[in-house]
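Just need the whole structure built from these sequences, with the hints factored in.
Protein chains: 2
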Amino acid sequence: MPEPNASVGSISVQEPRNLRPLRIAIFGFGTVGSSVARILAESKPEGLQLTHVYNRGVSRKRVDWAAGVTWTEDADAVLASPEVDVIVELAGGLDPAGSWVRRALESGKSVVTANKKLIAFHGVELERLAAIRGGHLKYGAAVAGGIPVIPGIEQGLAGDRIERMEGILNGTCNFILSQMEAGADYGMVLSQAQAKGYAEADPTEDVGGFDARAKLAILMRLALRVEVNPEEIIPRAIGDVAAIDFSYAKDLGCTIRQVARAQKTDGQVAATVGPMLVDLRSPLAWSRGTENMVILSGHYGGDVVFSGHGAGGHPTAVAVVSDLLALAHGSRRVELPAARAKVAVEFEVPHYIRFLVDDRPGIVAEITGALARERINIRAIMQKAGYPQHALPFVVTVEPCKSSALQRALESMRSMDCLLEPPLDLQMLE
Amino acid sequence: MPEPNASVGSISVQEPRNLRPLRIAIFGFGTVGSSVARILAESKPEGLQLTHVYNRGVSRKRVDWAAGVTWTEDADAVLASPEVDVIVELAGGLDPAGSWVRRALESGKSVVTANKKLIAFHGVELERLAAIRGGHLKYGAAVAGGIPVIPGIEQGLAGDRIERMEGILNGTCNFILSQMEAGADYGMVLSQAQAKGYAEADPTEDVGGFDARAKLAILMRLALRVEVNPEEIIPRAIGDVAAIDFSYAKDLGCTIRQVARAQKTDGQVAATVGPMLVDLRSPLAWSRGTENMVILSGHYGGDVVFSGHGAGGHPTAVAVVSDLLALAHGSRRVELPAARAKVAVEFEVPHYIRFLVDDRPGIVAEITGALARERINIRAIMQKAGYPQHALPFVVTVEPCKSSALQRALESMRSMDCLLEPPLDLQMLE
Chain A
7 MPEPNASVGS
17 ISVQEPRNLR
27 PLRIAIFGFG
37 TVGSSVARIL
47 AESKPEGLQL
57 THVYNRGVSR
67 KRVDWAAGVT
77 WTEDADAVLA
87 SPEVDVIVEL
97 AGGLDPAGSW
107 VRRALESGKS
117 VVTANKKLIA
127 FHGVELERLA
137 AIRGGHLKYG
147 AAVAGGIPVI
157 PGIEQGLAGD
167 RIERMEGILN
177 GTCNFILSQM
187 EAGADYGMVL
197 SQAQAKGYAE
207 ADPTEDVGGF
217 DARAKLAILM
227 RLALRVEVNP
237 EEIIPRAIGD
247 VAAIDFSYAK
257 DLGCTIRQVA
267 RAQKTDGQVA
277 ATVGPMLVDL
287 RSPLAWSRGT
297 ENMVILSGHY
307 GGDVVFSGHG
317 AGGHPTAVAV
327 VSDLLALAHG
337 SRRVELPAAR
347 AKVAVEFEVP
357 HYIRFLVDDR
367 PGIVAEITGA
377 LARERINIRA
387 IMQKAGYPQH
397 ALPFVVTVEP
407 CKSSALQRAL
417 ESMRSMDCLL
427 EPPLDLQMLE
Chain X
7 MPEPNASVGS
17 ISVQEPRNLR
27 PLRIAIFGFG
37 TVGSSVARIL
47 AESKPEGLQL
57 THVYNRGVSR
67 KRVDWAAGVT
77 WTEDADAVLA
87 SPEVDVIVEL
97 AGGLDPAGSW
107 VRRALESGKS
117 VVTANKKLIA
127 FHGVELERLA
137 AIRGGHLKYG
147 AAVAGGIPVI
157 PGIEQGLAGD
167 RIERMEGILN
177 GTCNFILSQM
187 EAGADYGMVL
197 SQAQAKGYAE
207 ADPTEDVGGF
217 DARAKLAILM
227 RLALRVEVNP
237 EEIIPRAIGD
247 VAAIDFSYAK
257 DLGCTIRQVA
267 RAQKTDGQVA
277 ATVGPMLVDL
287 RSPLAWSRGT
297 ENMVILSGHY
307 GGDVVFSGHG
317 AGGHPTAVAV
327 VSDLLALAHG
337 SRRVELPAAR
347 AKVAVEFEVP
357 HYIRFLVDDR
367 PGIVAEITGA
377 LARERINIRA
387 IMQKAGYPQH
397 ALPFVVTVEP
407 CKSSALQRAL
417 ESMRSMDCLL
427 EPPLDLQMLE
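Taken in sequence, the protein lines are chains A and X. First residue of the first sequence: 7, per our numbering; consecutive thereafter. First residue of the second sequence: 7, per our numbering; consecutive thereafter.
Where hints are given, some of them may not hold.
A pair counts as met if it fits within one copy or between any two copies, since identical chains are not told apart.
[To be verified] Below, a list of computed lysine-lysine pairs in the DSBU-like style, where the Cα atoms sit at most 35 Å apart:
id : residue 1 : residue 2
1  : Lys50     : Lys348
2  : Lys390    : Lys256
3  : Lys348    : Lys390
4  : Lys50     : Lys256
Derived from the structure by calculation, the hints contain no laboratory data.
Below, the structure written as structure tokens:
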């Protein structure tokens, strides 16, 4: 972008802004898209001008408060238009969003997107394309919506060496689990989340951990400076967590949250997503409802915590408009080199294992024997009173061990016909 | 800064970085200065080169692990040197730091500083000078040390309209008050903080609220977009808070923290710094030790919380090095216009008032009468058992009222000879 000199008083001043406003086309006018338009209409930030809205069946999307906007169903025309400087891609998913973004960047336009999947899987390639063609790609809205984690890392923590991160990155899971903590049933609260619009009709992307995984992969690149294939991070669904687990967790001074975590030790990378036991004294336990939270642990600066509203139209739109303002002001990303890496290492952490058994003598001996054969040390065995003998839940917690060793131990228990369902094992965050 | 084109493969790529590294001179080689040098020596971030260290009596500062550095006592020579691109000012205070910064900016150099006082009082003028001469002024380290609040606001929340902020901005006060919460005595814990280096020999700047006030004024400009004279914010010292106040606060579901808060309502600005009652469910109550925390409430995005280590050599140095990297990568500030404003409005919040009396009949009637004359509604009257009648503490909490009305009511109680000391009134954050 040019940096013309403007005259202030009698002295020539370097003026970092474009004199001509950035002309913006929104692709996808759903909740976030209309919030972006709403903020632009109400706040009228200097240097930004909404000129186009593309959506299928755009006539039902048209609003009367967005003046001077061309409403269109012709994506090609907008992408080809020399009258548009920035595409705001809010359609989500890999296709057709990916091809719009690619075409926009190829023609030298800049792109602002909230598309975590696209950035997690193709971010590196798209950033390279942007650099080649002279445009910019910004995606502050892709992770943790209205919480400025991405600008915080890029602009404020670039001087540190971040070694570990834990995040609550999916508002739907946090809503479900924090409601379950308060006594609600999984199925009921999932339906409630769907009714409130927090969860999709097919909730797999959220409750299965795929959404959080994509966000974790993006943060790993920026914070840990490792480029990983998101599919190497195996997510665990939250659906197996039951009311009894919250009860046992409480006895252990914990609650349960869907946590996305990663660490880099001597260049070795570990990463995982799933429901975990979280100490009640950890900030992660304080997050309620659809809140998001990210904790970054720096070699020099120690822990930094960000929290706030990670989803929803307005918070996500704040991130989009902030990215647009950064583009308009000529702010460059502080782009630090990330190295390709495999997710090759396991966390060695304590685990919580909950069994549901048809009780008979010798069960504890068999289970503890199976753990001992993998050299896993038992920390505690807990059995609450008040459950029927033919469907008895009990819990074993174990000292830090590799997930693979624990999986082998659990596998070897499969033949025990007293187990009414596969044991549930959860990492314990300490 | 020039943006030369570099060639990658066969395609010309826009390269936002300078090819020549930024040459850095550190002014002030204390804890933070040596941490900055340490990070540069260990991490060797691309594009940054430490070339000079200025300090009085520099020979006793010299370290053997910082290669290629010129150690000097000649500030003028460094400021005049065409071999230096950026001054990192870590001396603090208005003078001589201010004149170094001014001279550096006048000669077109950039400046990175952790000097909250200088930025609070002269930031606007210095930014203007930087813009005129083509340099940049960055001060991410001036507020909340290693927590990226300033880049978070500038780059990630520029799209919101922030209406309210509350912060724990002084680690020394937070250390003292969180230790008092755990039962320590003010004088003892202040001595301990001085021994640990958390507090200065003269602790007025910290415990009197002046340090937090400067930081609040800086954040108000960036977040609320109002330029205020810091001296219009009247700080309250934490020294009047006693053990008994923590005990009553706990009964009220609260603790006590030094809070810096500001809000803008219809263009009217309120701001204050001092010890306040904080609900135990508020994130502000979770901060322990020297931690800092900032809560920003946006019109669109809701509350965003940042927390972490606000002080100390390494965390502050992370902010300094991050600012240096942003300069090296050509990242521009997203500079939003701030309007001059007076701190003219009072908060209307509930108050906690603690009396210490030589008990006799009629005291409560007199006190409640004085409050009633100012139309202040009483919320609760609390008196704990176990105190002697001649030095009896008791507490009155009142519904939201203006501080000025409460001050008039307290003033009218001055003539009551049963009051052993002036009542302590604290705002209650809700």
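Would you list, in rising numerical order, the hints stated earlier that this structure does not obey?
Violated hints: 3, 4; rest satisfied.
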